[in-house]
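For the protein sequence lines, the chains are A and B, in the order given.
Residue numbers for the first sequence follow our numbering, so the first one is 7 and each next one is one higher.
Residue numbers for the second sequence follow our numbering, so the first one is -11 and each next one is one higher.
By construction, these hints were calculated from the structure, which means they are not laboratory data.
Fair warning: there could be bad hints in the mix.
[To be verified] Computed beta-carbon distance windows for the label pairs:
#1 A:Ala74 to B:Trp122: 49 to 59 Å
#2 B:Ala187 to A:Asp450: 51 to 61 Å
#3 B:His177 to A:Glu125: 50 to 60 Å
#4 A:Asp441 to B:Ala187: 49 to 59 Å
#5 A:Asp155 to B:Gly67: 55 to 65 Å
#6 A:Arg382 to B:Ala1: 24 to 34 Å
#7 A:Arg67 to B:Gly67: 38 to 48 Å
#8 B:Thr171 to A:Arg414: 42 to 52 Å
#9 B:Trp6 to A:Arg417: 32 to 42 Å
Predicted model, so just to flag it, every value in this text is computed and none were measured.
Every residue, glycine too, gets a C-beta built ideally from N, C-alpha and C.
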Amino acid sequence: MALHFSLLPLEALPLRQSPSALVSRGRVCCVDRAAAEAGVGRGQKLSTALGLAPGLAVFERDAARETAALTSLACWAGRFTPMVSVQAPNALLLEIGGCLRLFGGAEAIVAAVEAGCREQSYSLSWAAAPTPLGALWLARAGQAAIHVDAATMQAALARLSCALPGWSAEIFARLEAFGLPQLGDLRRQPAAGLRRRIGSGPLDDLLRAWGEIPHPQPAFVFPESFRLVIELPARVEHAEALAFAGQRLFSALAGWLQVRQLLVRSCVLQLPHDDHSTSELPLRFAEPAADEARFARLLREHLGRLKLRAPVEALCLQAEEVTARPGASGALFEQAVVGEGLALCLERLQARLGAGAVRVLAGQADHRPECATGWREPDLDLPVSAASPASHPPPRPLWLLPAPQALREERGRPYWQGPLSLQSRAERLESGWWDEGEAGAAGDLRRDYFVARNPQGQWAWIFHDREGWFLHGLFA
Amino acid sequence: MSAAPLPLADVLARGDIWRGDALPGLPENAIASGHAALDAELPGGGWPRGSLSEILVDRCGQGEMSLLLPALASLSRAGGWLALIDPPWQPHAPAWVAAGVAPERLLVIRAGRDAPWCCEQLLASGGFAGVLAWPASGITARTLRRLQVAVEGRPTLACLWRPSAAASQPSPAPLRLVLAGETGGLSVHILKRRGRPAAQPLHLSIPRPGRSSRALVGSSLFPVAARSAALAAVA
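Same shape as in the complex, but just chain B (with noise of 0.2 Å):
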């Protein structure tokens, strides 16, 4: 027993107390992702660079990419390259420009079979600041080791997509995501980050097109009248 009371401060800045309620921060800097929800719930304030990021969604158009392209604008606008590996459709040139995406440097490699080849070799190359990765089948945990030690240390932001289905296998990547749609927005709800474990989903809304055109037209327009107005038009 010491003789005086020690300071909390003191006691909290010893190296084998671990606190519970801080995240971590990240050896590289993160990227920050647009939303300030997601931003405090993240390991290091962002989307991490230097280790892999797995995001599980069941189906498309719920607002998945839209999620990520605030932080991929601004790795190409910083001159970045990014590479989109085997993407599930064509990419449309005119949204991605208007989203802030240089078309010049985004890649889009149709690899087939040597998704997880191609993965490791753009990830262990250092030079594309960000790699999106669609694998369609084939992916084991080891894969997933050997990309999350090919990505270690590089400035890179991976992030593989996978079905919600893989949920329940184990993955080495430091931060798992599982996404789902609903009414409001997207319910981003985190499997697995580095620190403590994340207590509730988290309801996000993501900018969507039709609001957007609703707010400037204003509020006489209804979906009933416009689909009725455009089937009359046609026929």
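Chain A extracted, bound-state conformation (with noise of 0.2 Å):
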């Protein structure tokens, strides 16, 4: 199957205005529908282009940004088949008959395929056929149609004009003299006598399209590990402009995920700003995950909440952690697991309250109670510790003050909301004389806790130091 991007060189550029056109050195290259509707067309002088459409945004071509889109469509590529080649300069063949049978035929791949296109506002045009050759000079001549046989596809090239296979204007005009002006006309002529006026060349490249001789593809390489750029045509202010052409960045990664087998758990967006400094957005997911679209909603969250403290011209996307998937992954993802939908809660309270806002328990071992309780990252795969609770524990309080609160006393008791009756023997707990003096640490204690109750029903845990009694902590 060939896949053919005719405006690539322009639509690599996400997020353009329309109408838009590519010039290269003075002359237009390459226009939009928009701007071919005014009458812009290839080949004008850039000052006419502009008379005839005054609103035109006009961008430099630039072959390392097309040889860079054409690599993410080639990762993106990767989720239909893993053998991908690609054909500079503007197309991609992929080899889809392995395939066929895992996506329940033809229809549905080319159905997949133009709706990706589309979400990454590409324009394609595309043909499936048993040579990658013929199916690249049919999507080239716009031909969309799946070809299974090879004597479908051989009808269908002989009517193909020789303009097409892109052999040098010399040759073309020498056909064009002796009458033939289609594939069909010249496969007709004696292959001796062509060789001899023409060269081998063509006569090679019709052989391979009619599948007379094998014609082995390079594939292409999915890296190691992932990183693209994409650049944007103008400064982006605002961070939800972005989520568009951060998603032609997580479909290609989507892409190579599937061909490399992985799964990513955390992936790092850099924003480089025009002043050469660089923010980095960290994405990390609770579990490791490879689904498109969790990636496009994570994306929208976290850029709805980013501030962007200068203007962005690129984007980049780097996967930083990346674990191997397991075997079974047709019913992980299909079916709706209870757990998955914990995970992808998670997900979404850490990317809008922020990470430190969701954290769970964890018990350290210190007497003090300041320092009793620990705070961890929520972790599903974490085991649940074996509870030994001790056979009399020291009563404790469910709930603590952050800070104790200093209590006043009146007629010999602390007060608070009322006089307060002590209701257990003094537990003394002394300890921490290793922080002492550090800032921010709990230091030296030494208090006596007691558990009193006032009469409002109230049951409090206060101690009693130094300086007074004070509240702690709240039996509810």
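Put the two chains together into one complex; each comes in its own frame, and the hints tell you how they fit.
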């Protein structure tokens, strides 16, 4: 199957205004549909084009950008088949013979390809044929059809014009002089004579397209680690506008993960600013994922909260932690497992509230009550530690105040919303000599803790130390 | 008029007869609350799953969490995740562990203004066994309606803690309790429940720390003696 991106040089820039045109050496070389309707055509001088369409957005042609775009498209195409071949400058060849059964037919693959290209707003013409060169020529001609056997493909190829395969202008002029406008006419001529007149290159191409000699394609090597950059045509000030460009990056990432059979756990989106500094947006998943829709949702949540400190001119996505995908991947993503609802929910909460707002308790071995509670990131794979409660645990309150609150004394009793009466013996806690003098640490404690009750029925955990009575916890 | 009198059982089995003395059951299993008197008064025989429960308290420290703790501990033992949204104070890990809740599955979320949104996400995900929220403000009947819709049909225990002043405001939650402390324990007034309205408040005794230690040590310990001994030791 061949995918031909006719407007790739122009569409490699996401977030363009339309109408737009690409210029190289003073002449227009690529226009989009809105500009074409205004009358701008290929080969015109720039001044002509601006005269025809005053609101035209003009960009310089950049070959490196086009190869980067083609590479990202090749990564995206990895979700259909692992055998992708890049045909510079603007076509991809996908070997789908082995994947037909998985996707349920060539029509399903075609529909998915078209939907994907539409999402990323690339204009596409495709064709499927038994030989790669045949498919490529048909796609360039714009004949979108699936040719299952060689005979129909050869019939379709015979009707193509000789200008299509991209032979040199001199050869095409000679063929026209011979009176051979179509490939079918060319094929009917005796081969030996033609070889002497126009050389063996075009004839070998014909043989390859007809399927008579094999035509192995160089396979596209999917990179070991994923790092992709997209340049933006204009500086972007608001983070939400980056969502579309980011989506192209994530589509490529999803295709790369599918080919390499990996799941990503965390990745980093780098935003280089125009003052040569870079901000980074780390994205972390509660469990390793490869689902594109999930990436897109997470990206939108993060971008909704992000404030850019300077305009951004490019986007770079780098996958940091990847893990191997376990074997039963089909069942994992199709059933709606309750565990998956938990992980997605946690991710969404962390994206909106910030990573530090969603935490899980962890007990720490410290006698000082302030230090006995630790915090940890929620982790779905952590096993539950076996509970081994002490035989007579000392009474501890469910809630602890962030800082002990001083209580006033009335008639020799501490007072908190009523006079407190002590209900238990003193429990002396003396600990923490190692923290003394450190900023932010609890320090050396010497406290007598009591369980107290007030006439309203509230039970509190208070202590008495050098400085007086304090309220520290509540037995809720 | 029928020829022969019908047996009473047949009459009661008819669909158009409503019995005023029975509490309805619930579609999802209810969680036993650990207090037999409370279970007898709650529809379904325990804390309801899949619908919102509102607990209205004025003061803290009267045993309101200890009322829920047996249910939370049983959920945690079964491996479920619990979430606390904006709790009024920080949870003290040793106490929660001693109550039987696994700390790795206890999520504490600081939501602030996003508390209603957070609640809705947690309830709709269906992956949490229990969600307890202390919304500070901004709870309207519309927000409660959204939360009720989010939790409908999911096997989640959803509890919302609000001040007692909210008792006079209408709320779509199917179960509303008002808790107040008294000398012996806790008085539970069921403001609203499915089925017939509750006649009188329940008086439940909650296990309290001081009482248990007194029972261990013996009747020779008096509060006044303890305090003076402690003060003497410190001074």
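These are the hints, each one checked on the structure:
no.	hint	result
1	A:Ala74 to B:Trp122: 49 to 59 Å	holds, 51 Å
2	B:Ala187 to A:Asp450: 51 to 61 Å	holds, 56 Å
3	B:His177 to A:Glu125: 50 to 60 Å	holds, 57 Å
4	A:Asp441 to B:Ala187: 49 to 59 Å	holds, 56 Å
5	A:Asp155 to B:Gly67: 55 to 65 Å	holds, 57 Å
6	A:Arg382 to B:Ala1: 24 to 34 Å	violated, 55 Å
7	A:Arg67 to B:Gly67: 38 to 48 Å	violated, 60 Å
8	B:Thr171 to A:Arg414: 42 to 52 Å	violated, 24 Å
9	B:Trp6 to A:Arg417: 32 to 42 Å	violated, 58 Å
Comparing the model with each earlier hint shows violations of hints 6, 7, 8, 9; every other hint is respected.
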